[in-house]
Amino acid sequence: SQKIEQNSEALNIQEGKTATLTCNYTNYSPAYLQWYRQDPGRGPVFLLLIRENEKEKRKERLKVTFDTTLKQSLFHITASQPADSATYLCALVGAKFYFGSGTKLNVKP
Amino acid sequence: GAVVSQHPSWVICKSGTSVKIECRSLDFQATTMFWYRQFPKQSLMLMATSNEGSKATYEQGVEKDKFLINHASLTLSTLTVTSAHPEDSSFYICSAPSSGRPASYEQYFGPGTRLTVT
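For the protein sequence lines, the chains are A and B, in the order given. For the first sequence, our numbering begins at 1 and goes up steadily by one. For the second sequence, our numbering begins at 1 and goes up steadily by one.
It is possible that some hints are incorrect.
Claimed, not checked - Cut-off 27 Å, straight-line C-alpha distance, at most; resulting in silico cross-link-like pairs (DSSO-like, lysine-lysine): (1) A:104 x A:71; (2) A:3 x A:57; (3) A:17 x B:41; (4) A:71 x A:108; (5) B:14 x A:96; (6) B:66 x A:96; (7) A:3 x A:96; (8) B:64 x A:96; (9) B:41 x B:20; (10) A:71 x A:55; (11) A:59 x A:108; (12) A:108 x B:41; (13) A:104 x A:17; (14) A:63 x B:66; (15) B:14 x A:3; (16) A:55 x A:17; (17) B:41 x A:71; (18) B:41 x A:3; (19) A:63 x B:20; (20) A:108 x A:55; (21) B:14 x B:64; (22) A:104 x A:63; (23) B:41 x A:104; (24) B:41 x B:55; (25) B:20 x A:96; (26) B:41 x B:66; (27) A:59 x A:17; (28) A:71 x A:17; (29) A:63 x A:108; (30) A:96 x A:17.
I should point out that these hints are in silico values taken from the structure, not numbers from a laboratory.
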């Protein structure tokens, strides 16, 4: 079965720095990969979608890369702010959605 | 953007009772909705796919007689946890793809329902 790995340890960075989160997967070839933000006690909110034939996608301070050979996606937040502190989930999308367990990002002022 | 609501936002019930959770798409129609459960610090686990006008599709290991799903209209899906037990305590979240878009596009998630079974 498919396996999705996100760093379970929280990522602590200083305000203004670039945060990089990793999503690795095995046993699956998704047509799309998506990133969501989830705040405590809330449902996830969609951030970015990247297709299997796309290498990189940008939206404001966010950038996502998708390497289907390495089976890895990287999610970058540039000029991070304390308001960016949340848990970030990656999701593999084919016929269904499969979510990673998420990485908690803490941006310190 | 599209809005999905859930009701209630939290519920406490006694063991053996049933609880109904509603998921509504407020400004778009959803022929398909998805139900997830999430344990603390864990991933969202897809429980079932709710289809308007037909039976829900359940994921492997999910008891369809325990988690009853009804997609009554294009804007409403309900999940009923029957004969709830403490191990059913969890965070239940629904989602729907935006109207007219395939399921592979972004999902709009509800705010979730925290169920505690005592």
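We went through each hint and held it up to the structure:
1. A:104 x A:71: Holds - the C-alpha atoms of residue 71 of chain A and residue 104 of chain A are around 21 Å apart, at most 27 Å.
2. A:3 x A:57: holds, 23 Å
3. A:17 x B:41: holds, 25 Å
4. A:71 x A:108: Not satisfied, since the Cα-Cα distance of roughly 31 Å exceeds 27 Å.
5. B:14 x A:96: The given pair, whose Cα atoms are some 33 Å apart, is violated under the 27 Å limit.
6. B:66 x A:96: holds, 22 Å
7. A:3 x A:96: holds, 14 Å
8. B:64 x A:96: Holds, at roughly 18 Å.
9. B:41 x B:20: holds, 24 Å
10. A:71 x A:55: holds, 12 Å
11. A:59 x A:108: Distance ~23 Å between residue 59 of chain A and residue 108 of chain A Cα, so the pair holds.
12. A:108 x B:41: The hint holds at about 21 Å.
13. A:104 x A:17: Holds: residue 104 of chain A and residue 17 of chain A sit about 16 Å apart, inside 27 Å.
14. A:63 x B:66: Roughly 41 Å separates the two Cα atoms, so the pair is violated.
15. B:14 x A:3: This hinted pair is violated, its Cα atoms lying about 35 Å apart.
16. A:55 x A:17: holds, 23 Å
17. B:41 x A:71: Cα-Cα ~23 Å, so holds.
18. B:41 x A:3: Given pair residue 41 of chain B, residue 3 of chain A holds - Cα atoms ~17 Å apart, limit 27 Å.
19. A:63 x B:20: Measuring from Cα to Cα gives roughly 39 Å; hence the hint is violated.
20. A:108 x A:55: Outside the cut-off at roughly 30 Å; violated.
21. B:14 x B:64: Holds, at about 21 Å.
22. A:104 x A:63: holds, 17 Å
23. B:41 x A:104: With Cα atoms ~9 Å apart, residue 41 of chain B and residue 104 of chain A stay inside 27 Å; holds.
24. B:41 x B:55: violated, 31 Å
25. B:20 x A:96: Holds, at about 25 Å.
26. B:41 x B:66: It holds: about 24 Å lies between the C-alpha atoms, which stays within 27 Å.
27. A:59 x A:17: holds, 17 Å
28. A:71 x A:17: holds, 26 Å
29. A:63 x A:108: At roughly 21 Å apart (the allowed maximum being 27 Å), residue 108 of chain A and residue 63 of chain A satisfy the hint.
30. A:96 x A:17: violated, 34 Å
Figure legend: structure checked against the earlier numbered hints; hints not met, in rising order: 4, 5, 14, 15, 19, 20, 24 and 30.
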